[in-house]
Amino acid sequence: MSSRRPSPGVVLTTAAMVAIAVGVPQVVDQFGLLQLTVFASMCILALSLGFVWGYGGILCFGQSAFFGLGGYTYAVTAIDLGESTLAMVLAVVVPAVFAALLGYFMFYGRLSDVYLGVITLSVTLIFFNLMNSTAGDAYRVGKARLNGFNGMPSLPTLNVPGDPGRLLDPAETFYLVMAFLIIVYVGLHVLLASHFGRVVVAIRENETRCELLGYDVRLHKLLVFAIGGGIAGLAGGLFANWGAFVSPNVFSLTMTSQIIIWVIVGGLGTLLGPIIGCLIMQYLATTLGTQQVANTSLIFGIIFLAFVLLVPRGIVPSLRRLGARAVGPARVREPA
Amino acid sequence: MRLAWLAPRVYSARAMDLAAVLMLEILNGVATLVLISVGLAIIFGMMRVINLAHGEFLMLGGYAAIVATNHGVNIWIAMLVVAPLVVGVIGVIAERVIIRVLYGRMIDTLLATWGLSLFFIGLVTTIFGNTVAGIGAPLGSVAIGRYTISVYRLVLVGIAAAILAVIFLVLRRTRLGLIARGTMENPNMAAALGVSPPRVYATTFGVGAALTGLAGGLLAPISGVLPTVGAAYVAKAFITVISGGTAILAGTAAAAGLFGTVNQLLTYFTTPVIGEAGLLAAAILLLRVLPHGITGKLFRGSL
Amino acid sequence: MSDAVLQTVGLSIRFGGVEAVRGVDFALAERELRCLIGPNGAGKSTLFKLLTGQLKPTAGRILFRGHDITGHHTHAIARRGIGIKTQVPSLFDGLTVREHLWLSARRTNPAERTRAIVDEIMERIGLTALADGAVGQLSHGLRQWVELGTVLAGNPELILLDEPAAGMTHDEVARTAELVREINRTHALIVVEHDMQFVKMIARTVTVMHQGAVLVEDTMDRILKNATVRDVYLGKHGGA
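Protein chains in written order, with the working numbering: chain S, 1 to 336; chain W, 1001 to 1303; chain C, 2001 to 2240.
Accuracy of the hints is not assured; some may be wrong.
Covered by chain S, per the in silico footprint, the following chain W stretches (three or more residues, Cβ under 8 Å) [unchecked claim]:
hint, segment
1, 1098-1106
2, 1114-1122
3, 1234-1243
4, 1274-1280
5, 1287-1293
Since the hints were derived computationally from the structure, they do not count as laboratory data.
Every residue gets a Cβ at the ideal spot worked out from N, C-alpha and C, and that includes glycine.
Please work from the sequences and hints to get the whole structure.
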């Protein structure tokens, strides 16, 4: 039943990403390279919510909690150990474990839709509030001072594993981030094509029927949530590394809303969608942010309103429909 | 722990004052939560529309009140009449032009109302700039022993209670309220009985917006307004309304009561930030114990 | 009864002041097909939900092959080998028929075996032509059959069906009866039904419920002749 052949869309997208990874450092200047590195990190974050929400059907309004946790875990570990490898590993593991615990708390408590959204939103805002109040010398983990609302500056950046002196240069960092992006993208597709992934999609369609077939829905949701948390944590670690800085804003309402917007704009229910949505929004934010003609919020507001009224399903699904009409009849729905 | 001061024969005037002030602080915190949530309780509770521009309705109410006051309108009229009117009209327009198109489509509604939110923030920033506009709180303050408390804050408690009472009476006792409740339960049936659901939706949304504008106006003297002030309120309002469960008034009041108390107590004994965190934690624990909010699913359709 | 596939002992559930199911003692033998009938409000569906774990009883026990499954989660009950078809067909509208059967069979079979099982069940139910169409598009009768096939694909030892013939045309009802009889050759079944035509086509032993309790348990022929049963259906009987 699981298709032997991956869908052409996935293959194409992966090839494109590899091409970008290899080609971009040759043609783009350092500044552009740094921009694209953070864009790529955010794409990983977008994928995490795209997976959890679009496929798992879990309305997580606090995905930034895991992102931020990853960022801070990286910061604290890198400062205390002076070496980045374990820091990155923990940046994935700690949020994943936290997500598993939170998932246990929520799914085994039979919480669903809006109520889930409220709890996850509350969690990220709690982190925001708590981290904002950690200014002062008393708040430290080992050598690392948390610094409250000021954030933690001058973080050690990624080094070659085992060689703390040899830091990665911008091109190498870009390769690494793109590699992670490709691994997460392909990995999620493989996961979704597996037995586990099929069950997850079925749960989103009809939870009761899944239970009646003998599948433990709560456990599946917990695992989806934990995986999403780990991926978001990875993005957080990479983000902290990118700016060598992390502050409580990673947990903010603005941050968590952005992730949701990326996924909606790109298209819920696909993996390519969140990536595209993220890229477009990030690009718009940087270009519009520098112009002085009109207020950025105003422009974004108008863009979103126009978008909703004109492109209701999100970019990727809409394009796909257009493409399908051009190419011929296709299956009812197919995840990217 | 020095509980001696609780003993009836040995009491200290200062401790009694403290208790009184604490009580009033708590009531004030609860009242604030009620004010910022009640409009949302109507819009979300009755229409299941997640209006992410809710914070901006509050903000617009605040600006309306401040601008009116600065142009000579009596502050009470500005807060109690101008603010709700302005935001109510904006709400009705928003509902007709945008929200109505998207009924039943939650994700699109999220994006559209988020867009609306950004639009309003941008618009207000463009018109009024980024600085804090303010008006002083009327009515001065009163002394309770060594503590002074603003009389205005006490009045707000009364106003919040009055608003809840009025809404309850309107929804329960008037024909308008009955039509609204009926349409929310079963729009087709209501239409069959000659009611126009779109009219009811527009009115309900407008009323919810007006109430929010009213709250924004009332809170303006206390917190001042920035174009971005909405963000501070929107999360708390949603958390309160949803944690309240399906009975829109009882649920919101109960949730506001619980969270307001936790918030103010923690704020008093530690810091405001911890107070915020406490409120959020209380919501999480509450939902874990009562997965469908305080009033749960059983009170569907009741107030 | 050591050879009972399913057994309930004093099973009851109370909602507020109302006892929807009262002290039901029920036993199903190997490969038995039992129909559960009764007028509206008799408690058939409530009893069904108690058996599937969708409701937790306030008293009594449920035993599956001697194992106590009282109060267990639905998925745990399904894992024990109980297949469940609900009153309103509960399906994955966005998935194909093949995907339904695959999900059901794959839980207890390796991938290679699953393919074969899916094809086999589709043949048996007669769904092969519809294999790759989205279930959301199918008619009500076909949806019922898809659900039946989905349940079968999990190879349960006991199958619980809640109104499998509801909303079907006469021909569909006949075909369903045929299917049920055919399934009964290898599986035990409990069928809750309203449609007396359908019941007559499949029933051997019947349990009649009334006001939450078992009124009478007997063969179909004797039930049809039973005056008390008739009165209960016509509303004449006061209480059990």
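Each hint tested on the structure:
1. 1098-1106: With 4 residues closer than 8 Å to chain S, the segment 1098-1106 of chain W meets the three-residue bar; holds.
2. 1114-1122: holds (count 9)
3. 1234-1243: holds (count 6)
4. 1274-1280: holds (count 4)
5. 1287-1293: holds (count 5)
When each numbered hint is compared with the structure, no violation occurs for any of them.
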